[in-house]
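*Asks:* Full structure from sequences and hints, please.
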Amino acid sequence: REAAALLYAEDEDIRAGIHALARRIKEHIYGRRIVMFAPLYLSDYCVNNCRYCGFHASNKTARRRLSQEELREEVLALETLGHKRLLLEAGEDDRNCPIDYILECMRTIYGTKLRNGSIRRVNVDIAATTAENYCRLKEAGLGTYILFQETYHKPTYEFMHMGGPKANYEWHTEAMDRGMLEGGLDDVGIGALFGLYDWRYEVMGLLLHAEHLEAVAGVGPHTISFPRLLPAEGVDYSAYELVNDRDFKHLIAVTRLAVPYTGMILTTRESAEFRRELLDIGMSQMSAGSCVGVGGYAHPGCARPGEAPQFHLADERKPEDVLKGLVRDGYLPSFCTACYRAGRTGDRFMPLAKSGEISNCCQPNAMLTFEEYLLDYADDELKALGERMIAEELGRITSEKRRAQTAAYLERLKAGERDLRF
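Letter 314 of the sequence shown, counting from 1, is numbered 1047 in this note's numbering, and no numbers are missing.
Calculated from the structure, these hints are not laboratory results.
Heads up, a few of these hints could be off.
[To be verified] Think about it this way: if two alpha-carbon atoms lie no more than 30 Å apart in a straight line, the pair counts; the simulated DSSO-like pairs of lysine-lysine are:
id, residue 1, residue 2
1, Lys846, Lys982
2, Lys871, Lys846
3, Lys1087, Lys1116
4, Lys1116, Lys1057
5, Lys982, Lys1057
6, Lys793, Lys871
7, Lys846, Lys1147
8, Lys1116, Lys846
9, Lys1051, Lys1116
10, Lys1147, Lys1051
11, Lys1134, Lys1087
[Unchecked claim] Each pair of labels, with its calculated beta carbon distance range:
id, residue 1, residue 2, range
12, Glu745, Glu806, 45 to 51 Å
13, Asp744, Gln801, 31 to 37 Å
14, Ala1141, Ile747, 43 to 49 Å
15, Asp1112, Asp969, 40 to 46 Å
16, Lys1051, Ser971, 29 to 35 Å
17, Glu745, Ala1005, 22 to 28 Å
18, Ala1005, Ile747, 27 to 33 Å
19, His761, Ser800, 31 to 37 Å
Idealized CB from N, CA, C, for every residue including glycine.
*Replies:* Shown next as structure tokens:
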């Protein structure tokens, strides 16, 4: 009820106060760290007919699925860019993109390494599936399972999803329950596609979903994503309830107040200038240098005739330019994947996040992974900016012991070691 009241605030002074509080909460728990990742599209085959998506089944675009060799090329290209964390994306098509294919792709990704480069965490965003398949994903090394509800408003959901398995509202909405209660998942991410229905309703749906998961599974969402409708091939948005920048910024701030522990993900759907504003009020993760079509990292600009991306990007900066902008704005880029590999997930992660104690690990790990990036991938300008920031951040570690350990790890990285973490 309190969040609902805040969502209806229109007075500029009240909104400014909400945004300032969201900023303080975010910095208390996550500091000035921004976790970096990249989406990787495996297949655009899809049997669903979602009105808003460029991959919908009735769209007569050329379809493609990466072979394992093509996937290796994509991963090598991403590793060359310095990425350590990927989000796998695929349309729903059990014939052309079955769960066995997804699992094979995960094995290929984890096994593909280039010099000091490696992918250390694979998150997966695929259609709602069975408890058995969630178990298999977990066993294959799944980081976070992510599934957007799209819209929580059932009549709108049924209108937007004209055919295919995704048209089943209950099957889709209960996916996280199956995954967490029956499939062994303890690290999940939720989200809504803003612009399908009233944005206040969608925020309340997200908050109730988070509350429900914590009640039944003991763990709320590790992340909440905030995609907003953008132009896509074959999609007419003239009748949609698109969200303006002012309200979008406000709903993000209110969500940060209501779910302070969750990681909040910002996509390249938003412009570079607006992303900067959103980082200031609550976002803690962002993609950089994203390609939202199949096979675009290894061979950029070489789309096959008839191919189309899922949607169009607003922030097309190279990852290095994104990082420079972050550092200049006082943010510490992080390529950390330590919690997943150290078992700090689910009910072991949430108490640390809620109390803010997670920063005791996250702050030094962010510094270490950014140092890796500077040593292996950065140009001279970014190296100079980054080394100054790391020196400043090192001085902010309050524990003398942890500060000394971090300094020692930084020296070991400079001597050639990699993947040091707390």
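*Asks:* Now tell me if each hint is right for this structure.
*Replies:* To see whether the hints hold, each was checked on the structure:
1. This hinted pair does not check out: Lys846 and Lys982 have alpha carbons roughly 39 Å apart, beyond 30 Å.
2. About 22 Å separates the Cα atoms of Lys871 and Lys846, which keeps this hinted pair within 30 Å; it holds.
3. Using a Cα cut-off of 30 Å, the hinted pair Lys1087 and Lys1116 is violated, with the two alpha carbons roughly 33 Å apart.
4. The straight-line distance between the Cα atoms of Lys1116 and Lys1057 is roughly 9 Å, inside the 30 Å bound, and the hint therefore holds.
5. Restraint check for Lys982 and Lys1057: satisfied, since their Cα atoms lie roughly 23 Å apart, inside the 30 Å limit.
6. As the CA atoms of Lys793 and Lys871 are separated by approximately 34 Å, the hinted pair breaks the 30 Å bound.
7. With a C-alpha separation of about 20 Å, the suggested pair Lys846 and Lys1147 falls inside the 30 Å cut-off, and the hint holds.
8. Restraint check for Lys1116 and Lys846: satisfied, since their Cα atoms lie roughly 23 Å apart, inside the 30 Å limit.
9. Between Lys1051 and Lys1116, the direct Cα distance comes to roughly 16 Å. Compliance with the 30 Å bound is thereby established for this hinted pair.
10. Simply put, Lys1147 and Lys1051 have alpha-carbon atoms about 25 Å apart, close enough for the 30 Å limit, and the pair holds.
11. In summary, the hint linking Lys1134 to Lys1087 is supported, as the alpha carbons are separated by about 24 Å, within the 30 Å threshold.
12. For the pair Glu745 and Glu806, the beta carbons lie near 50 Å from each other, so the given range of 45 to 51 Å is met.
13. For the pair Asp744 and Gln801, the beta carbons lie near 56 Å from each other, so the given range of 31 to 37 Å is not met.
14. Hint check: Ala1141 to Ile747, Cβ distance near 48 Å, so the stated range 43 to 49 Å holds.
15. One distance hint, 40 to 46 Å for the beta-carbon pair Asp1112 and Asp969, holds here, with the actual separation near 43 Å.
16. For the hinted restraint 29 to 35 Å between Lys1051 and Ser971, the CB-CB distance of approximately 33 Å keeps it satisfied.
17. In this structure the hint that Glu745 and Ala1005 lie 22 to 28 Å apart at CB holds, the actual value being about 25 Å.
18. At about 28 Å, the CB distance of Ala1005 to Ile747 agrees with the hint of 27 to 33 Å.
19. Checked against the hint of 31 to 37 Å, the C-beta distance between His761 and Ser800 comes to roughly 46 Å, which is inconsistent with it.
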